[in-house]
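Number of protein chains: 4
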Amino acid sequence: MKLWGGRFRRGPTDKFVSFESSLSFDFRLAPFDIAVNRAWAKMLAKIEIISDSELKKILAGLDDVENDFEKGRIGRDDKFEDIHTLIEDRLFTYAGVAARKLPAGRSRNELISTDVRLYLRDRIDYIIGQIRGFQRRLVARATENSKVVFPAFTHLQPAVPVTLGHFILNYFWKFERDKRFLKFAKDEVNVMPLGAGAAGGTTLPIDREFLMRELLFSKVFENSVDATSSRDFILVFLEACVNMGIHLSGICEDVVIFSTPHFGYIRIPDEYSTGSSLMPQKKNPDFFELVRGKTGKIMGNLIALMAALKGLPSGYNRDLQEDKVSLFDAIDEITEILEIFPSVFSSLEFDEARISKSIEDGTICAQAVAEYLVQKGVPFREAHGIVGRIIADCEAAGTKLRDLKIDALKMYSNRFAADVFPLLDPAGVIKQLAVSGSPAPLRFEQQLRMAYEQSEG
Amino acid sequence: MKLWGGRFRRGPTDKFVSFESSLSFDFRLAPFDIAVNRAWAKMLAKIEIISDSELKKILAGLDDVENDFEKGRIGRDDKFEDIHTLIEDRLFTYAGVAARKLPAGRSRNELISTDVRLYLRDRIDYIIGQIRGFQRRLVARATENSKVVFPAFTHLQPAVPVTLGHFILNYFWKFERDKRFLKFAKDEVNVMPLGAGAAGGTTLPIDREFLMRELLFSKVFENSVDATSSRDFILVFLEACVNMGIHLSGICEDVVIFSTPHFGYIRIPDEYSTGSSLMPQKKNPDFFELVRGKTGKIMGNLIALMAALKGLPSGYNRDLQEDKVSLFDAIDEITEILEIFPSVFSSLEFDEARISKSIEDGTICAQAVAEYLVQKGVPFREAHGIVGRIIADCEAAGTKLRDLKIDALKMYSNRFAADVFPLLDPAGVIKQLAVSGSPAPLRFEQQLRMAYEQSEG
Amino acid sequence: MKLWGGRFRRGPTDKFVSFESSLSFDFRLAPFDIAVNRAWAKMLAKIEIISDSELKKILAGLDDVENDFEKGRIGRDDKFEDIHTLIEDRLFTYAGVAARKLPAGRSRNELISTDVRLYLRDRIDYIIGQIRGFQRRLVARATENSKVVFPAFTHLQPAVPVTLGHFILNYFWKFERDKRFLKFAKDEVNVMPLGAGAAGGTTLPIDREFLMRELLFSKVFENSVDATSSRDFILVFLEACVNMGIHLSGICEDVVIFSTPHFGYIRIPDEYSTGSSLMPQKKNPDFFELVRGKTGKIMGNLIALMAALKGLPSGYNRDLQEDKVSLFDAIDEITEILEIFPSVFSSLEFDEARISKSIEDGTICAQAVAEYLVQKGVPFREAHGIVGRIIADCEAAGTKLRDLKIDALKMYSNRFAADVFPLLDPAGVIKQLAVSGSPAPLRFEQQLRMAYEQSEG
Amino acid sequence: MKLWGGRFRRGPTDKFVSFESSLSFDFRLAPFDIAVNRAWAKMLAKIEIISDSELKKILAGLDDVENDFEKGRIGRDDKFEDIHTLIEDRLFTYAGVAARKLPAGRSRNELISTDVRLYLRDRIDYIIGQIRGFQRRLVARATENSKVVFPAFTHLQPAVPVTLGHFILNYFWKFERDKRFLKFAKDEVNVMPLGAGAAGGTTLPIDREFLMRELLFSKVFENSVDATSSRDFILVFLEACVNMGIHLSGICEDVVIFSTPHFGYIRIPDEYSTGSSLMPQKKNPDFFELVRGKTGKIMGNLIALMAALKGLPSGYNRDLQEDKVSLFDAIDEITEILEIFPSVFSSLEFDEARISKSIEDGTICAQAVAEYLVQKGVPFREAHGIVGRIIADCEAAGTKLRDLKIDALKMYSNRFAADVFPLLDPAGVIKQLAVSGSPAPLRFEQQLRMAYEQSEG
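Residue numbers (the numbering used here), protein chains in the order written: chain A, 1 to 457; chain B, 1 to 457; chain C, 1 to 457; chain D, 1 to 457.
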């Protein structure tokens, strides 16, 4: 069955129909297509294009069709061009000729856009919920580890002491931005194209406000040509996914590196590790590598759409059918990842002894020591040079910054006094931090509170 | 001059310094770096790390440095690693040892992020202003052409009649979305990293609220590790640019096609056309092709950053230096395009006679004719089939839909009556349109008013 | 079943196994995995790691497993990590403990790379065959249309006269380059990793030459670390696909534009056109739009892999599992397109009358007229200016270049004589062309002959 | 000055000229444009379009122009559309009216393609030379380190013992593939478009064979439409660059990780390290991070071109102008990196003590121990399980595999005997390796010899 053909002398070849069909991937839109059909039918009755009895037949028929989908009685059958055709055909078997009246004033261009918007609106809510769940886990793990001293790295070299809790919250805020981006995307999604016809509206007195309220859209499209062909709402969503993918990939990189025996900061428990079929000793962080790899795929989905959209003329073009393949794949990847990532992350075991040992020589305190001199009146650049020389000499002599005595320090600057010693200890440095956003204990409490509140928002 | 080295036995090779230097491209950040230095100096004085007289010297010195830049006395000299080093060095020549105190408690990681944020905030405002200017031109051209009947295309085939004004406003709303996206991006940009130190804050009692107010940021970063390394604010901006690029490329595609002699809808005036060095007759739409080509470059900039960010571990990594190359290039492309695009677009001449002639046979009215039958009680699918057959028969017979007589029409359906004739004329169809978002005269007035108001927003 | 676990205290969770499993997409590798297993078993017998009777059991068992696959008795069951595990497990049911000996000295890292190489080698041959088929169609259509005068466009503006046959062969050579690229890719694919172990070979005396010959590889990998982790062979193939996609997208763009009613050069027959569910008159070039859209997806596949590979450390990383998703998708897209594209292209009907009418005014002959003056001794730049002025005056006066009389021409240059008139006719210009690679009749014959020969190569 | 305009009533605006001009970036093509002009002039004389005395004037004039460029007397002045226009204009000042005859029968479309091909051919040779230089360094460093035992990693976990020399040669072969790809790209570059005119050749009797020989092209283009518009030769080159970038990024990732204090495998000498302006202790691997970041940019260049080319109609379109921006940037990045990378890589110091210590417990020998059991008749899967349990028990007990006594081993399998002990030592495992491509001493010698020979090829 196809929804056109009056002007055609010959029908399409089977191979062509099969090549063109989007049914295999737009099957998931069925509930949304049915919802749009319900709203449309009610509206047609309201403007008296169909009668009340026809409306009843259509609504009952749509219930039957919905039931068929839920019961698995409908297959992804290539004979239909798309989900709309399939549903219209099936509705005809239940509602008879009334079904033939339903598509009045409506194009598939606007219908597919409406279906995808409803579906994506639903998925964004779901993904935001998943992110919130992950954020709660991050807050919990950060709380547990609020006292564990941990090196912050820059250039993958130990930089300054923070706490493990603070380090974990570093991830939290990335996902907070992702939530904001997704909410922005949702606003762009939640605009109704119905009423736009193929590109120039319809001569039937369609009631758009009624449809908008029925389908819970927050506004209607302003221009019919734009309405049916814009895919900005998908682009924006995919862009949010790419950013989230980058955030996930960063956590993965951290975990992969921190779980090498050389670091030994993290142990991945057996139930989330993978072995080797050849090397009996291996316990590999496959999960995190796989997620990292998958974020490349999400990027690929965005590029596929960007490239498809570039240079298209105004109005709907069939190139746009491909948007759904990229969109659905990205949604599936992201939701599949987010369904398991929080559990795996929560299961990670941090080896406090290894962490602590890796920074025990106090080198990581160099900035604090330089700042100590600043507070004693030494210009910062000079203080930086002094501490740099101390470190270089320690390295050459094989001694540790932390073990230096006051006399040794005084050889570099007579401003050094006994009150410098707490600053040679990473934990001591953290106590002396003051600014908001730092791992200073009180500041961290504030951050944790903010994080807790925002994870609920 | 470099800002480190105490712990190094040997300095870097020249070739290495030159390879690493970002000065050639971050030169444009100078005014923003100076602004941050001013705010930082005031704050250091407030928390008594520097004295009032040192503050005076620094502020006066920064004025001198700024003056040097404005007078072109400073070159893009490779001897400096970056703009911060250059400015610190130059400040030293004016302010002496006080300059050595200025960088206390502050890393280049947070400084570069702050500089870029200030610069980008400024550029977003500028670009939004450019878009508004273009939107005003679109509104003006749409107003002028509010009565010209024009074919809306789908699949690049004539679909339904709209007005040229309505068609032009189709572009307007794309840029309205771009403005929204850029405003969202600006909110993400307008967050202050200062106080984050290299990754873990500082032991000096930095006053972040003071800095935030001085630099007009709307909020401060919540986590120091995240603050110095996040490049989400650039990603989001580049994503907005990519979407805008796609919109521009679509206009270009329309113009290139509409200005072929076969369409003849658009004449590009001589001053914005290009000839051929070989073929004397050529007048080419080079401008629009070039803009279309440049949107590929903007995509390339986004991918460059995405690929650079994927899989980086937490904390600043030097890979991030490359973000600026992509960012600055995208800004330059977009602003360069937007500086000339509105003028060129406004100069386009629409050939109403060619437009009108291309749709005179009335085929484009087929939807309206089918809807006519619907209003006479024919189910839509049946009506669609009837009109399809009429068109096919016209085509075979070499006649035009518009020229059919009532008797001929009645052979297809006895519901046809004389009141169908206005609908065989594209202008007649437009008069019968009713829904919002369509080119119906009153609806178009509403759209135009909304567009006018939003172009100011 | 999994192929490791001795050192694990707890097994993986079901959700984790399901997340990690590649079985759903690497199912198609089964015949190649079986082929590798056969070769490996023979080799193990040759070096006496297994006995002849064990070899027999294994080979018989592999036949049974192959039969199971062919009969559809094996499902894409998530319980297995991958196709290798499934096959090893199934083999055990047929061959018993001998199956447990088979994987000696071999890692899944090298196995998957070998399987994919064998599969891809096969697919490249298939795709090259598809291209040849398409090329033959292009040669046939070019031959049919060797005399039809056709405008070559630059900037989508009519530029110079060629023949339609020549224009069609323009496509031919793009695919000739694709074939060369695919052959280069095949050489990169056809290198055997077996013997590399996980990354450092094996202490068992594996016979790589034997394996290479059995599996028809053309050489063996030089370095075990590189062998198991390199995905260059997939990158190169995807790059060839992207280039081919660009070529296909260009044909599609041509057809979409040439089949607008404004051009009217091409009619797409009913069996490869699509209608509209709303607008009864529509006959849309959906096929070509869809192919154009799909080429974006192929680009997305390349980017997904590029992004996944960037910045990976040496040796196999699990990120690489994702390579197959992108590879298989690209192969499916390309082969699906190439299966139908030649037929659809061959079905296109060129409207010679419309083509001819669009260039009848002779403007397209301007270059030839300028060259006429050159041959009469006028410097080219001057000749160009003269002809440019003639065209401008024709345009202003509403006359055609072709209709100008000799007196009118002489007013621009006294070098014009009666022998210029053949050059005011597009067909006349073509007759005067001389250089190879042009549509000059004899040159075109040469080109056609070369094309015919190369399509067989 | 511009090369067209006869048919234009008004000239282009300044802003438009500036927007369109490619001069700023195609300046580097000057020597190649001059070379093409020389060949073209000789050919025109040969076919008697210009006289011998005109030829002399032109050749002398071109020498003068070349001299002007070399002396820096010509600036990147926006008044010219492109490098061809500039050179033609300048030639006119030296050669007078003869210069106006030179462009006969030639379009800028073919000229720019020819210039870029000559330039790129030159650059490919240069880059291949750079790669050879790097390969020689790799061979030298591999030779020095042929005996140092080193862990090969999979999943960034220690996998099996190899030698550092073998590990370094792992990089060698990646660049060998890059050389092959570049040579393939060069073949695609080395095809001459001249003679194609704008798209359909020329009526002048151009001698393409003569031009081909003069400019040392290896063949001529087969079809004039394709010749002027194809950018496949740039795509293929950029694809080779992307692959090379991925290889470079992998080395960088290795070095960044191996130079953390936790690994301590690599020390980057002071002259190639960077400090921190805030943290006095820092010595960062900035160089490797920066190169890793730059590979993202190279990917961006490819995507920019891919996106620009997709969906362009046949024949030259101005979008193609942008190809050079991406191409030149990629060339600059790659050559800049390759100019310094080999020196930096050669300067890396490997800490043999740290490397050795990290694998001293023998866990990395697990595969070899399992294979030992295989050679004693244990099926591999069983052997794998046995060794897995040994490792798990060692881990639980805090003992090392290497320290186990024969009695302990026999508790897991009675096949263990004293001859297993050499295999508990990584160096012992390497001695027992046999297969080609492995780090077995003799095999490594072979590999080194092959590498040496191929680096010269």
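Source of the hints: derived by calculation from the structure; they are not laboratory data. Treat the numbers as computed from the prediction; the structure is a model and nothing was measured. Misleading hints may appear alongside valid ones.
Any copy will do: because identical chains look the same in the list, a pair fits if it lies in one copy or spans two.
Once the Cα atoms are required to be at most 25 Å apart in a straight line, the calculated SDA-like pairs of lysine to any residue come out as [to be verified]: (1) Lys-219 to Arg-180; (2) Lys-400 to Arg-10; (3) Lys-400 to Ser-356; (4) Lys-183 to Lys-219; (5) Lys-405 to Ala-60; (6) Lys-2 to Ala-392; (7) Lys-46 to Lys-431; (8) Lys-56 to Phe-92; (9) Lys-400 to Glu-271; (10) Lys-357 to Pro-261; (11) Lys-71 to Pro-31; (12) Lys-400 to Ser-358; (13) Lys-147 to Arg-38; (14) Lys-183 to Ala-35; (15) Lys-405 to Gly-96; (16) Lys-179 to Pro-342.
**Prompt:** Quick one: Lys-400 to Ser-356, C-alpha cut-off 25 Å, is that within a copy, between copies, both, or neither?
**Reply:** Answer is both: 15 Å inside a copy and 23 Å across each meet the 25 Å cutoff.
**Asked** Quick one: Lys-56 to Phe-92, C-alpha cut-off 25 Å, is that within a copy, between copies, both, or neither?
**Response** within (14 Å within a copy, 60 Å between copies)
**Message:** I want to check one pair: Lys-71 and Pro-31. Are their C-alpha atoms no more than 25 Å apart within a copy, between two copies, both, or neither?
**Reply:** For Lys-71 and Pro-31, the Cα distance is within 25 Å only inside one copy (13 Å; across copies 36 Å).
**Message:** Regarding Lys-400 and Arg-10, is the shortest C-alpha distance of 25 Å or less found within a copy, between copies, in both, or in neither?
**Reply:** Between. Shortest inter-copy distance 22 Å satisfies the 25 Å Cα cut-off; intra-copy 87 Å does not.
**Asked** With identical chains treated as interchangeable, where does the CA-CA distance between Lys-179 and Pro-342 reach 25 Å or less: within a copy, between copies, both, or neither?
**Response** The answer is within: 16 Å in one copy meets 25 Å, while 35 Å across copies does not.
**Message:** Within a copy, between copies, both or neither: which one fits Lys-147 and Arg-38 at a CA-CA cutoff of 25 Å?
**Reply:** neither (57 Å within a copy, 36 Å between copies)
**Prompt:** Is it within, between, both, or neither for Lys-400 and Ser-358, if the alpha carbons may be no more than 25 Å apart?
**Reply:** Intra 12 Å, inter 22 Å, cutoff 25 Å: intra and inter.
**Intra- versus inter-subunit Cα pairing at 25 Å for Lys-219 with Arg-180** = Answer is both: 20 Å inside a copy and 15 Å across each meet the 25 Å cutoff.
**Request:** Have a look at Lys-183 and Lys-219 and pick one of within, between, both or neither, based on CA distance no larger than 25 Å.
**Result:** both (15 Å within a copy, 19 Å between copies)
**Item:** Intra- versus inter-subunit Cα pairing at 25 Å for Lys-400 with Glu-271
**Value:** between (39 Å within a copy, 24 Å between copies)
**Request:** At 25 Å max between alpha carbons, let me know whether Lys-405 reaches Ala-60 within a copy, between copies, both or neither.
**Result:** neither (88 Å within a copy, 42 Å between copies)
**Request:** Using 25 Å as the alpha carbon limit, work out where Lys-405 and Gly-96 are close: within a copy, between copies, both or neither.
**Result:** neither (95 Å within a copy, 33 Å between copies)
Comparing the model with each numbered hint stated earlier shows that hints 5, 13 and 15 do not hold.
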